[in-house]
Amino acid sequence: MKKRLILLLALVLTIGTILSACSGKDSATSNKEGKDGQPYEIKWYTIGTPQKDTDKVFKEVNKYLEEKINATVKMTQIDWGDWAQKSQVMINSGEPFDIIFTNGTEYVQNSQKGAFLAIDDLLNKEGKDLKEALDPALLEGIKIDGKIYGVPTNKEAARQTVYTFNKRLVDKYNFDISKVQRLEDLEPMLKVIKENEPSITPMATFKAYLPFDYVFNNEMPFAFAIDGDREHVINQFESDLAMETYKTMHNYYKAGYLKEDAATSKDSWPMDVENWFVRMGDSQPYADSLWTRAAKYDLVSVPAEEPTTFNDSVSGSIQAISATSKNPEKAMEFLNLLNTDPYLRNLVDKGIEGVHYEKNEDGSIKDLPARIDRYNLPTYSLGNHFILNLYENDPKDKWEKFKEFNESAKPAPTLGFHFNSDPVRSELASITNISKEFYPALATGSVDPEEYLPKYNEKLKEAGIDKVLKEIQKQFDEWKSEQK
Amino acid sequence: MPKELQTQSSIAVSHSTNEMKGGGAKALRKKYRDPQHLHPVVNTIISVLLGILAVMCIFPFFYVIIISFTSEESIVRNGFQLVPKDWSIDAYHYLWGMKEQLFRSYGVTIFITIVGTIISVFMITFYAYAISRPQFKYRRFFTFLAFFTMLFSGGLVPTYIVVTQFLGLKNTIWALILPLAMNAFYIIIMRTFFLKSVSESILESARIDGASEWRIFFQIIFPLSLPGIATIALFSTLGYWNDWFTALLYIDEPNLVPLQSLLMKIEANLEFMRQNMDVAIMQSSLFNTIPQESAKMAMVVIATLPIAVSYPFFQKYFISGLTIGGVKE
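If you read the sequences in order, they're chains C and D. Going by my numbering, the first sequence opens with residue 61, and the numbers climb by one from there. Going by my numbering, the second sequence opens with residue 29, and the numbers climb by one from there.
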């Protein structure tokens with residue numbers, strides 16, 4: 061017995077020594093970096109498929125940064141599909157790093173948890189230029205409990221849902237799409253397509269759109285009306301609009317305008333396959349030309365709603381500074397430069413001039429093959445769009461149009477309100493499950509809403525939706541009173 | 029999908045072993061008892077049932093092979109078919125186009141599988157042998173230590189912290205090998221195996237002849253326990269070959285991504301694209317990485333085939349190992 065105890069003690073001691081040795085080394089290196097004149101290495105994690113030329117480009121970036129702010133950057137990309145899980149483990153484990161890409165609910169949850177640093181003070185000092193460059197609506201929208209936890213990407217701040225059509229078919233049958241506003245308006249066109257174009261599915265599988273401001277997402281039954289009563293949260297599935305829309309959808313489904321397996325299908329309807337007539341999407345200025353480029357045939361869109369600034373449209377891309385950063389000031393200095401210095405911003409995004417892209421005489425640029433094959437970074441996730449070089453086929457007023465678009469948008473009722481779901485966690489869990497069951501079938505018109513919508517609402521009642529609605533209302537009212 | 033297919037194929041493996049076991053028992057019975065014991069009708073029924081089961085296990089993989097040889101056009105128009113209208117090897121052409129990454133990943137997978145299996149076998153047998161010998165004073169404590177980890181584990185985040193921050197393995201090949209090297213369950217299997225198959229008197233005679241502990245282990249224990257060792261070796265081989273999760277956690281470097289992880293990445297990217305169409309449309313880089321349906325199946329084929337082919341070589345040991353190694357005390 062005694063011996064066993066001694067053994068255990070020895071084991072604990074060994075582990076203890078190892079641990080302290082490790083942490084000792086850590087603090088030693090952190091002292092060395094940054095403070096004594098040596099450049100501090102900023103660790104930056106961002107989304108996207110890792111590229112072959114990243115090292116090459118960042119050698120240039122670091123040369124520039126060392127001169128400017130005495131720092132270097134180590135950017136690591138995590139692949140699209142791995143992102144959610146991997147970034148979460150990294151954050152939860154308290155791994156030391158400086159900057160991380162985040163968005164949407166991920167941003168809200170991690171901020172509430174304290175994984176990100178509140179950067180209000182940093183924005184006033186190191187990030188002064190940056191703060192001026194950003195659209196104020198963006199900063200307003202990502203505030204959580206009055207504090208800012210990340211640098212939003214300066215791009216389109218609003219969202220506008222559009223119906224997008226295959227232009228070849230629109231022209232062929234001389235459809236007047238300018239009159240389309242609601243789902244019902246599509247009917248005559250779908251009919252013609254169904255009868256005359258056997259190889260085309262009239263509607264690419266989409267979920268019928270209900271124009272509300274959603275507290276979580278369009279699947280969950282918590283929403284604020286955008287027009288009318290903007291002060292009270294409702295269950296949008298109880299609205300007449302939902303019933304009407306889903307009825308129309310159900311008619312379409314019965315008429316065979318959608319694929320039969322619409323509710324369960326995982327088909328993403330890639331644009332470059334021309335087998336659809338109409339689809340829905342989120343628009344931005346000049347989206348049609350962008351999509352046309354991706355699809356390689358002509359597309360044309362009509363808006364289904366006015367542009368509106370939502371919480372999720374402002375938090376689509378954020379660079380947050382980690383709470384584990386050893387030198388947040390340097391990280392902010394870098395973000396500041398990245399969002400205000402056109403040379404750095406373009407270098408990080410497009411690569412090296414002459415290697416990855418070419419500049420024309422008028423200042424517009426052209427991708428070289430290396431940019432596509434070896435350095436293809438997702439522009440939206442990096443930073444300020446408005447200082448990016450324009451492509452030669454981009455309209456000259458692209459960024460002006462973006463700014464106009466942002467200014468024309470009206471704020472959604474809950475812009476800046478982030479619901480804390482802790483008090484109703486168990487109700488939300490069961491509501492999520494119920495919604496997963498009903499929503500896809502209803503929104504694709506696969507089932508009759510007359511029968512299933514009431515059933516859905518009844519189940520939601522049983523799951524305690526009223527309690528959640530009340531809690532949301534309470535927090536919303538509190539937030540509202542703080543605003544004034 | 030590859031994940032499903034993998035589990036299916038691993039079910040296929042375990043099923044067919046069950047079948048083999050049944051067959052072996054039958055043979056035994058025939059040898060020692062009444063040869064006519066199994067009625068022909070019963071025999072037929074059992075054979076048919078097992079046959080159906082075997083076909084059910086093999087069918088999905090067979091189907092995958094067919095789809096990988098189907099032309100994309102035909103998949104889009106008619107869906108998956110058993111006898112496709114157009115055959116094509118486009119999918120394999122496509123894979124040849126990304127051969128750089130593919131060969132690299134193949135290399136990584138083969139390396140971690142071989143090195144990992146060797147390390148794993150040595151670590152497990154050393155541990156298991158030590159706790160199987162009554163001369164070892166603390167064997168109960170160490171048995172319990174291993175057993176304890178079967179009941180309670182640290183969970184994902186603590187494991188991640190240990191591997192990345194204390195051991196500093198992130199983005200090294202060892203991150204793919206070491207976390208999987210030790211397995212408490214195999215230790216218990218091997219311990220039982222050593223206890224049952226190696227009698228104390230053999231060891232005693234070896235000791236009298238002056239053999240050292242090392243010599244005893246490598247020249248006597250090892251050959252005697254080959255079936256058991258082959259079993260856990262096969263288990264670890266499968267484990268390393270099919271592992272994608274450790275790579276997801278610890279590897280950012282494209283040079284170190286193993287084959288299965290590459291497959292999962294493509295699948296995960298596809299899922300991401302489905303859920304985030306607005307982002308995907310603007311991301312030509314994302315579109316470029318998404319292969320077509322038949323190409324995905326072709327990848328499954330080339331990722332699974334080697335392990336399926338190597339299985340028969342292990343089979344002999346595997347069966348005897350399983351029957352002997354089952355915990356019976």
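No wet-lab data here; the hints were simulated from the structure. Heads up, a few of these hints could be off.
Unchecked claim - The calculated SDA-like cross-link candidates involving lysine to any residue, where the alpha carbons are at most 25 Å apart (straight line), are:
hint : chain 1 : residue 1 : chain 2 : residue 2
1    : C       : Lys356    : D       : Gly125
2    : D       : Lys113    : D       : Gln129
3    : C       : Lys239    : D       : Tyr120
4    : C       : Lys116    : D       : Leu284
5    : C       : Lys103    : D       : Leu197
6    : D       : Lys127    : C       : Glu257
7    : C       : Lys112    : D       : Asn283
8    : C       : Lys134    : D       : Ile189
9    : C       : Lys116    : D       : Glu321
10   : C       : Lys112    : D       : Ile189
11   : C       : Lys356    : D       : Glu321
12   : C       : Lys146    : D       : Asn283
13   : C       : Lys207    : D       : Gly125
14   : C       : Lys112    : D       : Tyr91
15   : C       : Lys232    : C       : Ala197
16   : C       : Lys307    : C       : Lys356
17   : C       : Lys207    : C       : Thr368
18   : C       : Lys461    : C       : Thr221
19   : C       : Lys319    : D       : Ile189
As the list claims (entries may be wrong) - Now the in silico label distances, taken between C-beta atoms and shown as ranges:
hint : chain 1 : residue 1 : chain 2 : residue 2 : range
20   : D       : Val185    : C       : Thr492    : 38 to 46 Å
21   : D       : Met210    : C       : Lys521    : 47 to 55 Å
22   : D       : Gln109    : C       : Asp115    : 43 to 51 Å
23   : D       : Pro334    : C       : Lys527    : 51 to 59 Å
24   : C       : Lys496    : D       : Phe180    : 52 to 60 Å
25   : D       : Leu66     : C       : Thr492    : 34 to 42 Å
26   : D       : His121    : C       : Asp115    : 28 to 36 Å
27   : C       : Lys521    : D       : Ile86     : 47 to 55 Å
28   : C       : Thr492    : D       : His121    : 55 to 63 Å
29   : C       : Gln241    : D       : Ser181    : 51 to 59 Å
30   : D       : Lys127    : C       : Lys173    : 42 to 50 Å
31   : D       : Phe180    : C       : Gln543    : 43 to 51 Å
Every residue, glycine too, gets a C-beta built ideally from N, C-alpha and C.
Violations among the numbered hints
2, 3, 6, 9, 10, 13, 14, 15, 16, 19, 20, 24, 25 and 28
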